[in-house]
Each structure stands twice: as structure tokens, then as C-alpha cells.
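As they're listed, the protein sequences go chains P and L.
Residues 118 to 229 in my numbering are what the first sequence lists, from first letter to last.
Residues 75 to 188 in my numbering are what the second sequence lists, from first letter to last.
No lab work stands behind these hints: they were computed from the structure.
Quick caveat, the model's predicted, so the values are computed rather than measured.
Fair warning: there could be bad hints in the mix.
Pairs of lysine-lysine, DSSO-like flavour, derived with a Cα cap of 30 Å [as the list claims (entries may be wrong)]: (1) P:K226 to P:K173; (2) L:K131 to P:K184; (3) P:K119 to P:K173; (4) P:K187 to P:K159; (5) L:K131 to L:K83; (6) P:K159 to L:K131; (7) P:K159 to P:K226; (8) P:K119 to P:K226; (9) P:K226 to P:K187; (10) P:K184 to P:K173; (11) P:K226 to P:K184; (12) P:K173 to P:K159; (13) P:K184 to L:K83; (14) P:K226 to L:K131; (15) P:K119 to P:K184; (16) P:K187 to L:K131; (17) P:K159 to L:K83; (18) P:K159 to P:K119.
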Amino acid sequence: QKEVEQDPGPLSVPEGAIVSLNCTYSNSAFQYFMWYRQYSRKGPELLMYTYSSGNKEDGRFTAQVDKSSKYISLFIRDSQPSDSATYLCAMSLTGGGNKLTFGTGTQLKVEL
Amino acid sequence: DSGVTQTPKHLITATGQRVTLRCSPRSGDLSVYWYQQSLDQGLQFLIQYYNGEERAKGNILERFSAQQFPDLHSELNLSSLELGDSALYFCASSDSGASADTQYFGPGTRLTVL
């Protein structure tokens, strides 16, 4: 079983929809949680960064972390065709360097 | 543009060969990370360097090695290449290499082993 599980999709939604992307994890020691966006043939780009449990909002994006359930989510409001990409969750521990453990990514397509 | 540069963009080589991938971190960043992205395994951490010293190691094969030079650029050396080594290789950099640091990824090097 992988440390971080993520539904690979693909997920197809109409423009303007609210998108919910999720990851579950097994290692309760993870403290830092990130969402990266990766366009085809490009490097991952950081979207959201949260520490421990709670919510964080940035424009149309909201990240939620529920450490008790070992579950993190990314919500995208008013989705746009330009949001079409693969979304990767990532997490890391405290101490011992800064290794990121990634989910496999969810492919999102926002259609006109 | 993240500020992290990687060369070459594409590399095609044969099994058994050796290649070197190069990464230049963002200006001022002291830590460099290498990741491998394949279709079946996703994005996997290989190794981290901080100011020239190895800081953390992931599931990096013995055939692979890396180093970070005094000017902070890094090289990933892959030898005795196998078909399964075909993947995207990403370099990332961060300020200090501490746990809370944000990692910025380069555009990647696509390696094809024939």
C-alpha cells in the first residue's frame, strides 16, 4: 500500500463547476501538506501549502487538512479551462531533510 | 518560470550507457532535490543536497549518484541504464532545505532509454 493515495481520475467537469480533489495518507507523522499543479510536459508548480490541520484559502482555491482522518482536499471554485492539468498532493515530515512524498496525481479536464 | 533550470530537456540513449543530468537552483537557494516521475510510480524522491552535502536519501538506485558543486549546481549521474530508467527527472530547489521549505521545480529532463 502506498503512503499517499490519490484517485488518478481523469475527472471531467464543465466550466464554472466546483472541483474537489482528495488524498488520503497512512503516515500520521506528516505535518506539511501541499498541492502542486502540473501541466503536460512541465514541472510541478506549487498551488497551496498548509501546516497541520485546518483550512487555507487563496483566490479560487481552498485547501483542507484533516489529520484525524488522514485526509486532505483541494477545492477549486468557478473552474476554468486553464485549470485543466494534473493535480498532485504532497506531504512531508518534520526533520530529517525535506523529502516530499507525492500522490500519483489526479488528471482534471475543465470543459467549455 | 520557477527559476530552476535543467539541461538537457530531452535525452535519448541506449541500455548500458551513462548519462549526466544538470540542474541549476534558483538564485540564493542552497538545497537541491532530485525526483523521478514515471507512469507507474508517480513522482518519487531520489536525493537531497544542502550546500554541497547530502541531506536525505530516498529510493535511489546504486547505479545512480548525485553531487552538488560549490557553485550550488547539481548533477545526477545515471549509469548502466535500463529500459525501466526511462522517465522524467525533475530537480527542485529550496531556500534552506528545512522541513517547512517550499520546493520549486524545474522543467525536467525527459530520459528515453532504448
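Restraint check for K226 of chain P with K131 of chain L, where alpha carbons must lie at most 30 Å apart: violated, 35 Å
With a cut-off of 30 Å on the C-alpha distance, tell me whether K119 of chain P and K184 of chain P pass. holds, 17 Å
Hey, K131 of chain L versus K184 of chain P, does the alpha-carbon distance stay inside 30 Å? holds, 26 Å
Given the hinted pair K119 of chain P and K173 of chain P, is their Cα-Cα distance within 30 Å? holds, 26 Å
Pair hint outcome, K226 of chain P versus K187 of chain P [Cα-Cα no greater than 30 Å]: holds, 26 Å
Straight-line alpha-carbon gap K187 of chain P to K131 of chain L, limit 30 Å: holds, 25 Å
Given pair status - K119 of chain P, K159 of chain P, alpha carbons within 30 Å: Holds - the C-alpha atoms of K119 of chain P and K159 of chain P are around 24 Å apart, at most 30 Å.
Are K159 of chain P and K83 of chain L close enough, with their CA atoms no more than 30 Å apart? It holds: about 11 Å lies between the C-alpha atoms, which stays within 30 Å.
Sort out whether K83 of chain L lies within 30 Å of K131 of chain L, counting only the CA atoms. Given pair K131 of chain L, K83 of chain L holds - Cα atoms ~24 Å apart, limit 30 Å.
Given the hint that K184 of chain P pairs with K173 of chain P, does the C-alpha gap stay at or below 30 Å? holds, 14 Å
Would you check the hint for K173 of chain P and K159 of chain P, treating anything up to 30 Å between C-alpha atoms as holding? Distance ~26 Å between K173 of chain P and K159 of chain P Cα, so the pair holds.
Given hint K159 of chain P paired with K187 of chain P - CA-CA distance at most 30 Å: holds, 29 Å
Of the numbered hints given earlier, the model fails hints 13 and 14; all others are met.
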